[in-house]
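What follows is each chain in one-letter form.
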Amino acid sequence: ETGVTQTPRHLVMGMTNKKSLKCEQHLGHNAMYWYKQSAKKPLELMFVYNFKEQTENNSVPSRFSPECPNSSHLFLHLHTLQPEDSALYLCASSQAREGTDTQYFGPGTRLTVL
Amino acid sequence: AQTVTQSQPEMSVQEAETVTLSCTYDTSESDYYLFWYKQPPSRQMILVIRQEAYKQQNATENRFSVNFQKAAKSFSLKISDSQLGDAAMYFCAYRSAGGNKLVFGAGTILRVKS
Chain X
1 ETGVTQTPRH LVMGMTNKKS LKCEQHLGHN AMYWYKQSAK KPLELMFVYN FKEQTENNSV
61 PSRFSPECPN SSHLFLHLHT LQPEDSALYL CASSQAREGT DTQYFGPGTR LTVL
Chain Z
1001 AQTVTQSQPE MSVQEAETVT LSCTYDTSES DYYLFWYKQP PSRQMILVIR QEAYKQQNAT
1061 ENRFSVNFQK AAKSFSLKIS DSQLGDAAMY FCAYRSAGGN KLVFGAGTIL RVKS
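In the order they appear, the protein sequences are chains X and Z. Residue numbers 1 to 114, in my numbering, belong to the letters of the first sequence in order. Residue numbers 1001 to 1114, in my numbering, belong to the letters of the second sequence in order.
Hints are supplied without guarantee of correctness; some may be wrong.
[Said to hold, decoys possible] Okay, the calculated beta carbon distance ranges per label pair:
1) Z:Thr1027 x X:Ser59: 40 to 48 Å
2) Z:Lys1070 x X:Met15: 45 to 53 Å
3) X:Arg110 x Z:Met1011: 19 to 27 Å
4) X:Glu84 x Z:Ser1042: 39 to 47 Å
5) X:Lys41 x Z:Pro1041: 14 to 22 Å
6) Z:Thr1060 x X:Arg110: 28 to 36 Å
7) X:Pro8 x Z:Gln1002: 12 to 20 Å
[Said to hold, decoys possible] Here are some of the chain X residues that sit facing chain Z, going by a computed Cβ distance under 7 Å:
8) Gly28
9) Ala31
10) Pro42
11) Leu43
12) Leu45
13) Phe75
14) Glu84
15) Leu88
16) Thr102
17) Gln103
18) Pro107
19) Gly108
Because the hints were derived from the structure by calculation, they are not lab data. Here a beta-carbon is modelled for each residue, glycine too, at the ideal position from N, C-alpha and C.
Next up, chain X with everything else stripped away, as it sits in the complex:
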């Protein structure tokens, strides 16, 4: 596997379900990110992890709970979501504090909340 992978690619869940999104990076990076992409809106940064420590929470509701057990894996735990949370969730990684610190993205998880 190369680059940034995300599973599942598609997820449909009810408002009372609990599910998790997984992201894995194979680039040796030390920073990982969650973004939300809704229709007709710019990408919104949700969380940033540098060296496994959360360094940014962009006022995200507590029904989204991130977890970064190591520098290669990032999870987004979901519970009691709302229909307006339906979106494409993108994970990215970068080598923070080095050069342009370019972020590389995964293919995304298309989430539908019923």
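Please build the complex by placing chain Z on the supplied structure of chain X, with the hints as guidance.
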């Protein structure tokens, strides 16, 4: 706070022709990075080109080049010899030199006609 504006919601170009996508940004910082990302229908966000603000020379990657005007806070993307595979949503993004948060524009849909 920094903002990124892409004033063209949609653009069209004939195959083999040249097209320029516009991007302006607002910042009070002097050191930062700018990026263009491409998001095809597969939804995978792909880095197209990046520019360091301290470099006066415009970045070039094969058929893709930028016109970086620091004083005007403008960062346009020129695609030469357009190909059908260039059809996608293009996002302009800004990152401060001291941080790793990307600020995205709203995107421009590029259609390529054969």
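Okay, the hints, checked on the actual structure:
1. The hinted window of 40 to 48 Å between Thr1027 (chain Z) and Ser59 (chain X) is violated, with their beta carbons roughly 21 Å apart.
2. The hint said 45 to 53 Å for the Cβ distance between Lys1070 (chain Z) and Met15 (chain X), and at roughly 48 Å that hint holds.
3. As the Cβ distance of Arg110 (chain X) to Met1011 (chain Z) is approximately 26 Å, the hint placing it in 19 to 27 Å holds.
4. The beta-carbon spacing between Glu84 (chain X) and Ser1042 (chain Z), approximately 25 Å, falls outside the hinted interval of 39 to 47 Å.
5. Range check, Lys41 (chain X) to Pro1041 (chain Z): about 18 Å between beta-carbon atoms, so the 14 to 22 Å window is met.
6. About 34 Å separates the C-beta atoms of Thr1060 (chain Z) and Arg110 (chain X), a value consistent with the hinted range of 28 to 36 Å.
7. At about 33 Å, the beta-carbon gap between Pro8 (chain X) and Gln1002 (chain Z) misses the expected band of 12 to 20 Å.
8. Interface hint status for Gly28 (chain X): violated, as the beta-carbon distance to the closest one in chain Z is roughly 16 Å, over 7 Å.
9. With a least beta-carbon distance of about 6 Å to chain Z, the hint placing Ala31 (chain X) at the interface is held under the 7 Å criterion.
10. Checking Pro42 (chain X) against chain Z: minimum C-beta separation of about 5 Å stays under 7 Å; hint holds.
11. With its C-beta approaching chain Z no nearer than about 4 Å, Leu43 (chain X) sits inside the 7 Å limit, and its interface hint holds.
12. Residue-level restraint check for Leu45 (chain X) holds (minimum Cβ-Cβ distance to chain Z is 6 Å; threshold 7 Å).
13. With a cut of 7 Å, the hint placing Phe75 (chain X) at the interface with chain Z is violated, because the nearest CB-to-CB distance is about 19 Å.
14. Annotation: interface hint on Glu84 (chain X) violated; nearest CB of chain Z at approximately 19 Å, more than 7 Å.
15. With a least beta-carbon distance of about 6 Å to chain Z, the hint placing Leu88 (chain X) at the interface is held under the 7 Å criterion.
16. A least Cβ separation of about 6 Å between Thr102 (chain X) and chain Z falls short of the 7 Å threshold, and the interface hint therefore holds.
17. Of the supplied interface hints, the one on Gln103 (chain X) holds, with its beta-carbon coming within about 6 Å of a beta-carbon of chain Z, less than 7 Å.
18. Interface hint status for Pro107 (chain X): upheld, as the beta-carbon distance to the closest one in chain Z is roughly 5 Å, under 7 Å.
19. At about 5 Å, the closest approach between the beta carbon of Gly108 (chain X) and any beta carbon in chain Z falls short of 7 Å, and the interface hint on this residue holds.
Violated hints, listed in ascending order, are 1, 4, 7, 8, 13, 14; each of the other numbered hints is respected by the structure.
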